[in-house]
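S.K.: In the order they appear, the protein sequences are chains A and B.
Quick note, the first sequence lines up with residues 9 to 267 if you use our numbering.
Quick note, the second sequence lines up with residues -9 to 255 if you use our numbering.
Hints were generated in silico from the structure; no laboratory data involved.
Nothing here was measured: the structure is a model prediction, and the numbers come from that model.
The reader is advised that the hints may include incorrect statements.
Said to hold, decoys possible - For the chain B half of the interface with chain A, some residues (derived, Cβ under 8 Å), not all of them:
{"no.": "1", "residue": "Tyr3"}
{"no.": "2", "residue": "Gly5"}
{"no.": "3", "residue": "Gln43"}
{"no.": "4", "residue": "Pro46"}
{"no.": "5", "residue": "Arg70"}
{"no.": "6", "residue": "Ser79"}
{"no.": "7", "residue": "Phe83"}
Yeah, the Cβ is synthetic: ideal placement off N, Cα and C, and Gly gets one too.
Below are the chains, spelled out letter by letter.
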Amino acid sequence: MESLINLGSRTLGKASALGRAFLMLMGAIVARPQPLKNTPLVINQIYVVGVQSLLIILVSGLFIGMVMGLQGYTILVSYGAEGSLGPMVALSLLRELGPVVTALLFAGRAGSALTAEIGLMKATEQLSSLEMMAVDPLRRIVAPRFWAGMISMPLLAIIFSAVGILGGHLVGVDWLGVDSGTYWSVMQATVDFDKDIMNGVIKSILFAMVCTWIAIFKGYDAIPTSEGISKATTQTVVYSSLAVLGLDFVLTALMFGIE
Amino acid sequence: MGNLVEIDNLTFYRGERVIYDNISLTIEKGKTTAIMGPSGIGKTTLLRLIGGQLRPDSGDIRFKGESIPAMNRRTLFKARRQMSMLFQSGALFTDMTVFDNVAFPLREHTKLSEDLIRTMVLMKLQAVGLRGAADLMPSELSGGMARRAALARAISLDPDLIMYDEPFAGQDPISMGVLVKLIKGLNDALNLTSVVVTHDVTEVMTIADYIYILAEQRIIGEGTPEQIRQSESPLVQQFLQGQADGPVPFHFPAQSLENALLGGA
């Protein structure tokens, strides 16, 4: 009986949190747009969440591409198919690794920072004082961060894939001796713009929405104590990662599943 | 002069706990009203209720005759431009300089030119004695200076009502004196109405025109500082003189000591 009560109250708690998350997002993005006031705020946030994540994206992309080049070559060469290294690297990155790994890195690098920042603003009464100054914190604080995440992450995913393909070239062609022309031309012949590149971009737009939404909601809804903020930051990374991986399977099934 | 804020039969619960049980009070225009009481009885909650951040379970709060709980978002935000609140922590935006903090409400709510905003901000900072600190970041200020900077921000839109949440808590005697002088000075110079929530008895007795003492979910005493001093209520006297035991008991309610120690139920 006790466990049944617990289950019920936890379910209710989750359901009401989901409701609050929807209301927050609606309050933040469904509003009279004020481009003059908001554009500088969004640009500022793109710098914080996007530009400052560039380094980790570039380095990870390069190394993942290099590993793919190495692993792909050792497997393909035993079938004499090392000419297919280019499309293998490109397709894995564009379809899966680019969007997914970018989202995971983004959740760890930028999502956790967003949660901690908004949570601390709440704890130090900055959000309350905005409200008392008749400024809606949803529009002033939450909305610019949401849009910055939505704009930054797909761009970061594209950069990730591009750098990864160069990393594959570095190992496969420059080191292991696959022909450079083959690497590029087979890739060009195989990769389809709509099916592969656009589907990857669509994935990363959805991941961007999920990750940023979780990050800002966890900060906005955090219990305003040091313990509450630390818990919220952890939850941001855990929930974002799980959501991205789960969503990725669903999207892959829809996009590349049996037709 | 009339009343700026009127609270009628207000009842407020936090979860199961009663915070206020049917209290009524008025805040007269142009005066400094102090709300005192022991910590933890929800004095800050009262300010949040006036500001419309919380809604009462029953009763009414009127600001300039308009009911705050009945307002929709738009009218509430309009009303809030005429009131401001000084938070205990100051709540300055940590990513902006003092100047930008004070300019923030002006930039958000007016279409004034940057030149004019600069003049106004410097005047407000001059009033609190921090013009020289305009370019510092909030993290570089001392606690008292941060509160003065927050005060400059709170008066930047020339509000009608300003609410101070524990303005003296954790201040050294000098900054306390400065704040007392500022609260009184601003109230008179800008024709403000001030509400000061505090438990610092001596400071508040010197600046308040009217005092309410809250305890045990209700108002236990009210009057001018002189009337409060003369009060015969033992509760009020315990609070004023800081006696450890009295009507507000020293012990948190519990079963008797004998029972607890001897394990009897």
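S.K.: It remains to establish, for every hint, whether it holds in the given structure.
M.R.: Hint-by-hint comparison with the structure:
| no. | hint | result |
| --- | --- | --- |
| 1 | Tyr3 | violated (19 Å) |
| 2 | Gly5 | violated (14 Å) |
| 3 | Gln43 | holds (6 Å) |
| 4 | Pro46 | violated (17 Å) |
| 5 | Arg70 | holds (4 Å) |
| 6 | Ser79 | holds (5 Å) |
| 7 | Phe83 | holds (6 Å) |
Hint check: violations occur at hints 1, 2 and 4; the rest are consistent with the structure.
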